[in-house]
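So the sequences go chain by chain: A and B.
Using the numbering used here, you'd call the opening residue of the first sequence number -11 and step up by one each time.
Using the numbering used here, you'd call the opening residue of the second sequence number 791 and step up by one each time.
Derived from the structure by calculation, the hints contain no laboratory data.
Any given hint might turn out to be false.
[To be verified] What the simulated footprint calls covered on chain A by chain B, stretch by stretch (three residues with Cβ under 8 Å from a Cβ of chain B suffice, anywhere in the stretch; the number is not a length):
(1) 30 to 39
(2) 79 to 91
(3) 141 to 152
(4) 186 to 193
(5) 271 to 285
[Said to hold, decoys possible] 20 Å max Cα-Cα, derived SDA-like pairs, lysine to any residue:
(6) A:Lys261 with B:Gly1053
(7) B:Lys1179 with B:Arg1117
(8) A:Lys261 with B:Leu1232
All of these numbers come straight from a predicted model, not from anything done at the bench.
Don't be surprised by glycine CBs; every beta carbon is placed ideally from N, CA and C.
Listed below are the residues making up each chain.
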Amino acid sequence: MLAFLVRRLLQGALVVLIATTAAFLLLHLAPGDPIAATLDGPSVPESVRAHWRAEYGLDRPVLVQYGRWVAAAARGDLGWSLSMRRPVRDVLADALPNTLLLVGTALLAGFAAGIGAGVLQAALRVRGGAGRTADRAIGAVTVFFFSLPEFWLAITLLVLFTFVLPLLPSSGAVDPVAHDYMSPVERLADRAVHLVLPALTLALGALAVVARHQRAALLEVAREDFLRTARAKGVGERGVLLRHALRNALIPIITLLGLAVPALVGGVVFVEKVFGWPGMGLVAVNAVSSRDYPLVTGAVVVGSVAVTVGALLSEALHALADPRLRDVDDATPAARPGA
Amino acid sequence: MRAISIPTGPGGGERRLTARRRVALVVVALLLTTALGACRGSDRRHAATGETGGTVVIATGAEPSTLMPPLATSTEEAAIVAQIFDHLAEIGDSLNTVGDVGFKPRLARKWTWARDSLSIAFELDPQAKWHDGQPVRAADVKFTFDAYVDPATGSPTAPLLANIDSVSAQDSLTAVFWYKRRTPQQFFDAAYQLLILPAHLLRATPHARLAASPFARKPVGTGRFRFDDWTPGQRVSIVADEDNYRGRANLDRVVWTVSPDFGAATISLINGQADFFEAMSPAYLGQLARNRSLRVVPYQGLDYAFLQFNLRAADGSARPHPVFSDRETRRALSMALDRTRIVQNVYDSLAYVANGPFVRAMFPDWRKLRPIQDNPTRARQLLDSLGWKDTNGDGVRERGGVKLAFSLIVPTSSSVRQRMAVLIQEQFRTSGVEVTIEPLELNAFLDRQKRRTFDAAMGGWHMDPNLASIQQMWGSYGAQPNGSNFGSYESATFDAQVDSALTALDPARSRTLWLHAYQTIVDDAPAIWLFEPRLVAGVHRRIHLAPLRADAWWANLADWSIPLRDRIGRDRIGLR
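Could you build all of it, start to finish, from the sequences and the hints given here?
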């Protein structure tokens, strides 16, 4: 187990390094530079721009800049944000909790609803008759949400619930005036109200994927002998489904959890931009627009670490959920059941 | 500034919105109620109950990066620091920069010119105090000037102070500015360009570290508002300074909320989260008209846009452009467009046709100019006479093997310029001119301009009262590498006329010289002058605005007010 963890961590570190290097170099290849973007007025002489380029080391060759960044990052210093004029670490520290809240809520809601929908679909399918029709109808809805691009869904929800029906706030994480004066419960509610639309956008996509996989996994398990045994013992259909079948059908969903993290990290960029949610995605988009090299690179580091950790977590949870995998050495695939 | 009321449809605007939002909040609160119960938070004392009071939420499309005045460059930064800090004197509404005509006392309650005009003594208001209670002293003014001009600070304002030799403290309340030579704008340079900093709080900070200092995110000034809070990515708030030497601001508080872009900022205004947005896009004005809580307020801006010709080859070399290096061809192309129709199509009545590299607010004699009249028929005749003819029947004129064709780069960040480019392309097509539109991401657009690797560009400038910036935008000085004269227009005549206008001490003579300079560049047609947008602010009806100044709509923010009878929920939320 330890060897497995160490191997995965080293692979993860390599992924982070490759992603960060690619982001750093690609951004430098893009036209424009951060100083021109912020100091482009006609009355600003080149000497002032040159001063700031030298101050930030932007007048050095790209590889020298990269080397200095890597050396600093190894010491925990992610550099200075050119657009925010603060340490990158501080910018990310402010943004990360907001993204974790959003992603966590979307994951929870999406997976809970997805599992529920998948269970319902499988139960209806097994029941037969009108149940099959209902199963197909729910399946059509999940396919619909699955096929919607996240940015389109975000904009549609924004227009619908803040413009056409002004029920919810259009941007931000809290009320900019009243939040500080609310009671703790009201503050919680205020955060929740601001969280609804961005989390719903992300959750709908996750829900669709999870529902389809859960349905398929349950239908496969439904054919197993141990369920017939349970029914023969007198366990009701609900108990058969929830206590016996679902536990076995959750294993692929756990794998999905790990895969959902990178998908959400990617999707969160659009969602945070549309809803003005002050998280990592919005920080990254603004950083790219303003060619803030250190901030973009720092955001990529955090994002790739999150993806790596998500994958690791998924594998660990998978091993925990399936006892057949716990005692199997990863180096001996031939010993795995079904291999 | 006159507010234009637009008829609206039925609807309960503010009240219905609040009720719906409250229902949503209550439902969620019930779902989340825990054993903690609903213990009360901080006391909600009512805010000021007199004529002063209220909270204004301003939507912005970008977050400020610093509140350190020498380094505050963006509109958002400038708007906020202007509330927290003071100039020595404030420019008048006419934006006159010659001498001290129209300037109003601020930190300096009066000033005295030396007989030779090579120095000006500013006498500070003895009542002026910093927000931490310390008195303002002449040493603060000296410190401020030294900080601004120190190269280590890296202030983009430093070059604008080049004519000021030094500042001395004659006594504790008198700061003397010493000039290298007399110029019409010497008073403007001292009064307008500097926001006075507290020496007692910043003396220990090296100028090179000002950008990174805690003060840059928690400033202390003398303005009628003091800094309150900055939540990164979300908001910046300021509150009224109760004991200010110029009197308390009418409002209790102003909050800038950060939106991801202008579209989101507009939506936050329309759905009630914000009270003011400075620049509504024409596309949203219909929505605004249907909202009973809001109204539009047009005001003069200082922007103008143009189609800039690159007079040098598009490969960035110094070779003349095969098409645009010819003055008469440029004039003919200028004539070929019906700019009135183009501007009306995109802006309706919310923009003027531009007449040159200026805005009307800063050049009252613009009617005396003789512009190149829009006349497509005459333009075609002129192109024929210049030898540009369609000899092969492909619809595009040629001359000496060179097609009358060019690419036009357009920033994708501006939907207005993109729409105009399409209209321009079509109008040129009817005159046998082929235009290929190249939409570019903003940074890529700026990069191509800077490198001069373009044929023509849909450009735009925001002017400021400092007229000398025209030398960078259109003078030979700016045609050098790294200058802002991206089209490389060079005219010794224009340069000399601008120099004369900038150094004329008599305002009437100055206006005459500017007229000559503008006429020269209009005749040379280095660009087709397209439009001057009239800015339209969206504002909540309960807010009574003070005049929105063209260069700084925020200049009179402390004089905005909200009558007691019109106040809504967020106006009544008490301050800590």
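Report task. Check whether three or more residues of the stretch 30 to 39 of chain A sit with their beta carbon closer than 8 Å to a beta carbon of chain B. Result -> holds (count 9)
Query raised in the report: Lys261 (chain A) and Gly1053 (chain B): Cα distance at most 20 Å?
Result: Holds, at roughly 11 Å.
Query raised in the report: Is Lys1179 (chain B) within 20 Å of Arg1117 (chain B), Cα to Cα?
Result: holds (17 Å)
Query - Satisfaction of hint between Leu1232 (chain B) and Lys261 (chain A), Cα-Cα up to 20 Å - result: holds (18 Å)
Requested in this report: Mind taking a look at whether chain B covers the stretch 271 to 285 of chain A? Criterion is 3 or more residues with CB to CB distance under 8 Å.
Outcome: The restraint on the stretch 271 to 285 of chain A holds, since 5 of its residues have a Cβ under 8 Å from chain B and three suffice.
Query raised in the report: Are three or more residues of the stretch 186 to 193 of chain A within 8 Å, CB to CB, of chain B?
Result: It is violated: at least three residues are needed, and the stretch 186 to 193 of chain A offers just 0 whose Cβ sits closer than 8 Å to chain B.
Report task. Examine the stretch 79 to 91 of chain A: at least three residues should have C-beta closer than 8 Å to a C-beta of chain B. Result -> Coverage by chain B holds here, the residue count being 4 at a Cβ distance below 8 Å.
**Report entry** Coverage assertion for the stretch 141 to 152 of chain A with respect to chain B, Cβ distance below 8 Å, three residues required
**Finding:** holds (count 3)
Checked against the numbered hints listed earlier, the structure breaks hint 4 alone; every other hint is satisfied.
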